[in-house]
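Number of protein chains: 2
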Amino acid sequence: MLDFDFSIPTKVLFGVGRLDELKREKLPGKLALVVVSAGETMKRNGYLDRVLTALKHQGIEYLIFDKIRPNPSKAHVMEAAQFARDNFCEFVIGVGGASTIDAAKAIALMARNPGDLWDYIVTGSGKGKPVKNAALPIVAVMTTAGTGTEADPWMVITDRDLQEKIGFGVPSTFPCLSVVDPELTLSVPPFLTAIQGFDAFFHAAEGFIAEIATPISEAFSLQVIRLIFKNLPKAVHDGSDIEARTNIALASLLSGMVQSTSSCTSEHSMEHAMTAFHPELPHGAGLLMISEAYFSFFAKYVPDRFIKMAHMMGETTDGLPEEEKPYTFVHALQKLKKECGVDQLKMSDYGIQADEMEKLARNAHKTMSNLFAMDRYTLSLKENIEIFKAAYR
Amino acid sequence: MLDFDFSIPTKVLFGVGRLDELKREKLPGKLALVVVSAGETMKRNGYLDRVLTALKHQGIEYLIFDKIRPNPSKAHVMEAAQFARDNFCEFVIGVGGASTIDAAKAIALMARNPGDLWDYIVTGSGKGKPVKNAALPIVAVMTTAGTGTEADPWMVITDRDLQEKIGFGVPSTFPCLSVVDPELTLSVPPFLTAIQGFDAFFHAAEGFIAEIATPISEAFSLQVIRLIFKNLPKAVHDGSDIEARTNIALASLLSGMVQSTSSCTSEHSMEHAMTAFHPELPHGAGLLMISEAYFSFFAKYVPDRFIKMAHMMGETTDGLPEEEKPYTFVHALQKLKKECGVDQLKMSDYGIQADEMEKLARNAHKTMSNLFAMDRYTLSLKENIEIFKAAYR
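Those protein sequence lines, which keep their order, are chains D and R. Read in order, the letters of the first sequence correspond to residues 1 to 393 in this note's numbering. Read in order, the letters of the second sequence correspond to residues 1001 to 1393 in this note's numbering.
It is possible that part of the hints are untrue.
[As the list claims (entries may be wrong)] Listed next, the stretches of chain D that the computed footprint assigns to chain R, with coverage defined by at least 3 CB atoms under 8 Å from CB atoms of chain R:
no.	stretch
1	14-21
2	221-229
3	238-252
[Claimed, not checked] What follows is a list of derived Cβ distance ranges for each label pair:
no.	chain 1	residue 1	chain 2	residue 2	range
4	D	SER240	R	HIS1237	24 to 34 Å
5	R	ARG1376	D	LYS382	53 to 63 Å
6	D	PHE191	R	PRO1190	50 to 60 Å
None of these hints come from the bench; they were simulated from the model. A virtual CB, placed ideally from N, CA and C, is assigned to each residue, including glycine.
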């Protein structure tokens, strides 16, 4: 019988130009740690300045931590948390893409808790200690559209020494406020637009086939799949298409709500293993590389849900033999990849060797075992290796 | 361009047996005001005892206010708020149906704010003063399935002297915790099951055709319509059908989320006028009485949305002339009413006279003018009277 918790305590301001409202919105403190990426994008595009201006307008003081890189590292998180603690920051505001916001969440958590982030992580080498104190309040200003971190408590941080990339979150790591202003995504180049959009797509698709999906998460998932199917090619091919950008930003937001009401599945465990060993591989690209093999494997185990997803992507299954119907989703996925120019991504292009497949599968099982428990069919290590091998190019 | 705020800060525990978790769930204070209805149902069914036991288990003290009646009155709200203030209650826990929970919200608000509730109400004779202080934290334990008050900030309170029944809410009147345990609805008799279920249905349908609907509210709305179409007749005809009860409880919860992300429309303004003058008329029954006339009027103004709702109710519109298609929703609605045994409700059975139609329309426009602004076609007073007249039997 249906049984679930629902909790998405984040207030979201969604829409073109909404960043300007930050100067009027009640913020959770008088001294902020502003977290941005190490790159120049936030500064060059003026996004950081607009946030700082809003803070000044409210008489809020701030310090800046600007060392975050894609696949953010625990080392940077711990350094920033110490900095926040030493300076008595009262809240953390992340300005950027998912890596920055995830790092901001982890910094907010570790600014209020003793020890090391891996003391609290529940899988891999994490010690699984209970988190004692609520994180500092977190504000997220999104400049990309993809992960949905703006509407979920999850952070994905990598321990480079341990080669573990692990997702974690507690109720207090939901942002209290997220600004999703699609205008800020206009500057995202086509390739990143595509792989980030597909990240949202996979969050929705995995959340839809996950064991713990509920009618609430399903409603979100199907909307995401429909929105991305209809808008991602447009956003990739014409980055100035603000309507497409808005719909992709909405899909990203909803994909966060999927993750707050359902879960990712083992596809994410598998990808995390890839980027744990190859941090230069973007997360969305990793997902794209394994997606055909992954969803082809699961099609026979969750046929009804695959058919529903295919229908959201404009496919018809009428007249097909029953056993073929679920694979129409995989066909639709491949078509969408091609339309977005990301159907030819290869592991070998990112330095992944053919003989790494067992190592990756073992890492996935070890570090993100929890997501395997979300699958409706439990993958063996052998099957996991087979999927990696089928995906390898 | 799409632009919206999203905020549903309520944590929901949904599922059969979840009431028992109240004894472990973190509650927002050490002294509770427990609000229940004046009737015997909560006591006879043991629901009140189960809540009190949970409070005792957590060492939480409580006081009880048990005077709430359907269409709860401002007088009771103000009395209970004074009682809460005088006794330093730290939070309010409502145990019951929508009337009780709405009253609990109003009590929590007025326990922390000076003056009269109507000082803050923004329509009708309300003075529209800004609410100064956040309400006491509110916990909702639902024993009926219908309004969705468990997942929205809205309270509907009646000033009997002014004959004004007005909806109101502020961010702090979202429950911080709602327990939606479908088992508690097993004891709701068939007629109440039907009219409360239809209340959720209308919240979803109105929210779907409202001007401010968003893709998020739409996803919720369509789920509600589908769930109620499939399950309400079952729940009405076999009250022990726990699967149907669970699906209706879910529909109710989602209908609250519709109201937190979209809005009701003028149908609710019209019904509030009916119950303002005839407080013995149940809200859901009032909505049912005007629904055919109301939705028939609006069908031509929002045809695409009516067609989508009809499709969620199993109707096909293929082959019909374009202008007839939206009316398939009205047909589906009438069929569903009949299946639930509520197609013959008459205003005259509740003492409403034929010559009251203008008075009702004027009251609707005066006290709940805000919802008329949510319609995609702005009703004149004359048209409003016409709808009332068409509905009168």
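Outcome of the hint check:
no.: 1; hint: 14-21; in the structure: holds (count 4)
no.: 2; hint: 221-229; in the structure: holds (count 3)
no.: 3; hint: 238-252; in the structure: holds (count 5)
no.: 4; hint: SER240(D) <-> HIS1237(R): 24 to 34 Å; in the structure: violated (56 Å)
no.: 5; hint: ARG1376(R) <-> LYS382(D): 53 to 63 Å; in the structure: holds (57 Å)
no.: 6; hint: PHE191(D) <-> PRO1190(R): 50 to 60 Å; in the structure: holds (59 Å)
Taken one by one, the earlier hints fail for this structure only at number 4.
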